[in-house]
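Student: Given these sequences and hints, build the entire structure.
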Amino acid sequence: MDEHVDTNSNIKIDAALVIYCFTIGSEATLGVLKAPTFFFDSNPVGRIINRFSKDQDAIDNLLPESLRGVLSTFVNIIFALAVVCWSSFYAVFLIIPTLIVYHHYQKLYRDTSRELKRLDNLSKSPLVAQFSETLTGLATIRAYGRQKMFIERNMTLLDNNNQVIFLQTSSER
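The sequence shown begins at -7 in the numbering used here and counts up one residue at a time.
It cannot be assumed that every hint is accurate.
[Claimed, not checked] Pairs of lysine to aspartate or glutamate, EDC-like flavour, derived with a Cα cap of 16 Å:
id, residue 1, residue 2
1, K109, E164
2, K99, D47
3, K4, D49
4, K46, D112
5, K109, D49
6, K109, D47
Hints in this document: simulated from the structure, not taken from any laboratory.
Tutor: And the structure:
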């Protein structure tokens, strides 16, 4: 019986997550499709493709697992705090300052993470644009013998992006 209830709960949660992610993805697609011409004129193709593909990847792959993890962790924390407070009322006086400290560190991490995400997008857009332009003009690049120049430029852009990715990965540890 417990397995049946657990399976039904998982199916309902998964169905809700699919609907939620589909709705977000549809709204993002409509937002890009309804954008004025000025938007496409003022933003490089690489930036638009990078942002759109990254957002869609996050919606499809990261968001469902993140929401499931947040929900599970939230329920576990609430039950753990309830058990601790029920078994020892004085623990409440230790839990509240701990939550305040955690909130401070969470805000610090969130601000840093947001800035690193912005830097990642800024450094990845030229890389995606360079890659797209190289594929489009590959015959011309080869005809003029400029492969080395494009490889060096690509390596520089890749190094810039990898520096930001290293900082992101380091901050998550």
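Student: Which of the numbered hints above does this structure break?
Tutor: 2 and 3
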